[in-house]
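Read off the chains here:
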Amino acid sequence: MNSTAIKVEGLRVDRGHRTVLNGLDFAIPAGAVTGLLGPSGCGKTTLIRSIVGVQRVKAGTVEVLGRPAGAKALRSRVGYVTQAPSVYADLTVAANLRYFASVLGVPADRGDAALDAVALADRRGDVVGRLSGGQRARVSLACALLGEPELLVLDEPTVGLDPLLRRDLWRLFHDLAARGTTLLVSSHVMDEADRCDRLLLMREGAIVADGTPAELRERTGADDLEDAFVRVVEAVAA
Amino acid sequence: MNARVTLATARRVLAQLHGDHRTVALLLIVPCVLMALLYWVFDGDERVFGRVGLMLLGVFPFVTMFLVTSVAMLRERTSGTLERLLTTPLAKLDLLLGYALAFGVAALVQAALASALALGPLGLDPAGSVTLVLTLAVANAVLGMALGLLVSAFAQSEFQAVQFLPAFVLPQLLLCGLIAPRDQMAGALEAISTVLPMTYAVDGMNQLARTSELSGDLLVDLLVVVGAAAAALALGAGTLRRRTA
Ligand SMILES: Nc1ncnc2c1ncn2[C@@H]1O[C@H](COP(=O)(O)OP(=O)(O)OP(=O)(O)O)[C@@H](O)[C@H]1O
Ligand SMILES: [Mg+2]
Numbered sequence: 001m002n003s004t005a006i007k008v009e010g011l012r013v014d015r016g017h018r019t020v021l022n023g024l025d026f027a028i029p030a031g032a033v034t035g036l037l038g039p040s041g042c043g044k045t046t047l048i049r050s051i052v053g054v055q056r057v058k059a060g061t062v063e064v065l066g067r068p069a070g071a072k073a074l075r076s077r078v079g080y081v082t083q084a085p086s087v088y089a090d091l092t093v094a095a096n097l098r099y100f101a102s103v104l105g106v107p108a109d110r111g112d113a114a115l116d117a118v119a120l121a122d123r124r125g126d127v128v129g130r131l132s133g134g135q136r137a138r139v140s141l142a143c144a145l146l147g148e149p150e151l152l153v154l155d156e157p158t159v160g161l162d163p164l165l166r167r168d169l170w171r172l173f174h175d176l177a178a179r180g181t182t183l184l185v186s187s188h189v190m191d192e193a194d195r196c197d198r199l200l201l202m203r204e205g206a207i208v209a210d211g212t213p214a215e216l217r218e219r220t221g222a223d224d225l226e227d228a229f230v231r232v233v234e235a236v237a238a
Numbered sequence: 001m002n003a004r005v006t007l008a009t010a011r012r013v014l015a016q017l018h019g020d021h022r023t024v025a026l027l028l029i030v031p032c033v034l035m036a037l038l039y040w041v042f043d044g045d046e047r048v049f050g051r052v053g054l055m056l057l058g059v060f061p062f063v064t065m066f067l068v069t070s071v072a073m074l075r076e077r078t079s080g081t082l083e084r085l086l087t088t089p090l091a092k093l094d095l096l097l098g099y100a101l102a103f104g105v106a107a108l109v110q111a112a113l114a115s116a117l118a119l120g121p122l123g124l125d126p127a128g129s130v131t132l133v134l135t136l137a138v139a140n141a142v143l144g145m146a147l148g149l150l151v152s153a154f155a156q157s158e159f160q161a162v163q164f165l166p167a168f169v170l171p172q173l174l175l176c177g178l179i180a181p182r183d184q185m186a187g188a189l190e191a192i193s194t195v196l197p198m199t200y201a202v203d204g205m206n207q208l209a210r211t212s213e214l215s216g217d218l219l220v221d222l223l224v225v226v227g228a229a230a231a232a233l234a235l236g237a238g239t240l241r242r243r244t245a
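In order, the protein sequence lines correspond to chains L and A. Following UniProt numbering, the numbering of the first sequence begins with 1 at its first residue and continues without gaps. Following UniProt numbering, the numbering of the second sequence begins with 1 at its first residue and continues without gaps.
Derived from the structure by calculation, the hints contain no laboratory data. In this text, all values refer to a predicted model and were calculated from it rather than measured experimentally. It is possible that part of the hints are untrue.
SDA-like mimics (lysine to any residue), calculated; alpha carbons at most 25 Å apart, straight line [claimed, not checked]:
{"id": "1", "chain 1": "L", "residue 1": "K72", "chain 2": "L", "residue 2": "G10"}
{"id": "2", "chain 1": "A", "residue 1": "K92", "chain 2": "L", "residue 2": "G105"}
{"id": "3", "chain 1": "L", "residue 1": "K72", "chain 2": "A", "residue 2": "L93"}
{"id": "4", "chain 1": "L", "residue 1": "K72", "chain 2": "A", "residue 2": "A91"}
{"id": "5", "chain 1": "L", "residue 1": "K72", "chain 2": "A", "residue 2": "N2"}
Under 8 Å between C-beta atoms, here's a sample of chain L residues computed to sit facing chain A [what the hints assert, rightly or not]:
{"id": "6", "residue": "Q55"}
{"id": "7", "residue": "V87"}
{"id": "8", "residue": "A95"}
Distance ranges between label pairs, derived from CB positions [claimed, not checked]:
{"id": "9", "chain 1": "A", "residue 1": "D43", "chain 2": "L", "residue 2": "A108", "range": "37 to 45 Å"}
{"id": "10", "chain 1": "A", "residue 1": "A153", "chain 2": "L", "residue 2": "G133", "range": "25 to 33 Å"}
{"id": "11", "chain 1": "L", "residue 1": "S132", "chain 2": "A", "residue 2": "L214", "range": "52 to 60 Å"}
{"id": "12", "chain 1": "L", "residue 1": "A108", "chain 2": "A", "residue 2": "G44", "range": "38 to 46 Å"}
Each residue gets a CB set at the ideal place from its N, CA and C atoms; glycine is no exception.
This is chain A alone, in the form it adopts within the complex:
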């Protein structure tokens, strides 16, 4: 591992993102538009918007970073740049942490914009602090990124990579408590939802909606999200093979 190479990789990934104006625009503007749409859908019902809006702030970074990273990593694999990098002194961890850093920064900007809109003009008023909301949002982004990196190893084309979104992310979205509260689900579904990482991402936002202090439950949520991201990155490192058939 080498800080210079990690930082250079993060800078390179951000430069690639920066050069793609349309993706940047979609990444930053779509969550804001969806947030405004949601506000409109609930017709200013502050109680429902207060609950669902905050959870969405936790879900956006997860979903978008999952998608962007899985495609970016797949490109790295298919364009031969990964094969080349693995013949250089670059450590696998340099590459993975470089990605995590770059997409973490992108997620921070994305979450900051969406939060500014939700907490400002749209009047979302969580009990927890803005810092905690942003921290959890970025942790969720890193989790989405790490899972995206991992699944990209199992995709042979960009078509397949994109299909992993409905396959991996939609079930988590259905079961995470956003659509229906988890304690009202069938026992089996609730049990499944306890092993899905997005459940904790969304539960953390729920905690922040209710309490102002850094409660034990919130801490557990954060730890699970960060732990799952680390586990996915470690598994992802295992899929970066220097020697291939």
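Pulled out of the complex, with its shape left as it was, chain L reads as follows:
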């Protein structure tokens, strides 16, 4: 399973009058959990939007599962969970799952397994608007799991969750990867870095490091990945 799931070349994105991504080049392997890490505002969401094909790009190419990002054929193969939970707050959890199952063309009974996976099986009948922020985010994730996509792109899925739940979700991500799913997971907290198979460190619209956590430690001589990140940034600035 060493093929490439995502290949980005010379990607440049302008938003407003600002250049947000400036000539990115990298590749993401299939069947692994890749973490996209970087401080708030560095361009993670913009990059993710480019990969799922909803971001207007200025230059460069993004290839996903062998096709241009956003291609029609990719729509049933790629799952996207936005940073802000994108589910209907005025519907119940079950109604949201039922609707997204219809849209994705999968059997409605997959909803139960998806809810189990995000530990919300007991909240099926609750209206989403009356759930906590973290619970809403998990409903949003469950709706993406329904489609059993080959590539799952998750924008900060673990924000605001307690440590136990976070651990369980990362287990879920690795289970999915073990079954062949490719995952791209963004986060702005470095303590999640160690849970990833591979890391893309981002800063101010550029990729400053790309490799496994072990490679990053070796390259910088730092034990702690947060230190490693600081050293990488200092090395770039110098």
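Got chain L; can you put chain A with the ligands on it based on the hints?
Positioned in the frame of chain L, the structure of chain A with the ligands alone reads:
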């Protein structure tokens, strides 16, 4: 396009509406209350009520569906659900037709209730059949819905969306022949009114007040209303961009 997704979308929109009891109550009861109020205002003058009451049956569905849809669609845009849906196999037309279907059903119930009151206890007695009255009312609702979908693309907040009602709908209401007959307006105003879709919605109801058969004029009105709705939906589809800045 896919019938399963269209129907699922219609069901989902209706479920959202259904969960909002206050909106449902307002949607269904307000036209009835206004109709009764109108009857009272004209103090039982059957001739005036017969004319204006029927026209109002054509205007209610247009106005309410315009408002409800523009806010519903704006929410879909701002909550991120639209962005998500556009990354799935859903076709834009599935979404638009799902909305049209859901609000068409809501409009049918609304028009049926208001007509039952007007044609029953209030003694409204149009020459045309009830079926034609309801058909035109639902066509007007779909037109209001389609225009609401379209303008929601130009609103960044719910405040703005609501302001489109006085901006888009009130001028049409003033010029459509409800307030003053169109042939008595200044030439320029009459000319403007001929390009406003609500004019045909109201003119159709006027035809139904007078004649029982499906006249050519009525058919033209219906076709213009349906055509304008289709055009607005097509333009609305153009505003649903898969890629945004
Ligand atoms: N809709 C927009 N219009 C204009 N500029 C935007 C828009 N969205 C984001 N930006 C700008 O793009 C840059 C990158 O934003 P982005 O949302 O990609 O960051 P991020 O890394 O995801 O941050 P966070 O961790 O806070 O979610 C920021 O400087 C931001 O101001
Ligand atoms: Mg972000």
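Hint check:
| no. | hint | result |
| --- | --- | --- |
| 1 | L:K72 x L:G10 | holds (23 Å) |
| 2 | A:K92 x L:G105 | holds (16 Å) |
| 3 | L:K72 x A:L93 | holds (15 Å) |
| 4 | L:K72 x A:A91 | holds (10 Å) |
| 5 | L:K72 x A:N2 | holds (15 Å) |
| 6 | Q55 | holds (6 Å) |
| 7 | V87 | holds (7 Å) |
| 8 | A95 | holds (6 Å) |
| 9 | A:D43 x L:A108: 37 to 45 Å | violated (56 Å) |
| 10 | A:A153 x L:G133: 25 to 33 Å | holds (29 Å) |
| 11 | L:S132 x A:L214: 52 to 60 Å | holds (57 Å) |
| 12 | L:A108 x A:G44: 38 to 46 Å | violated (54 Å) |
In this structure, the earlier hints numbered 9, 12 are contradicted, and the remaining ones agree with it.
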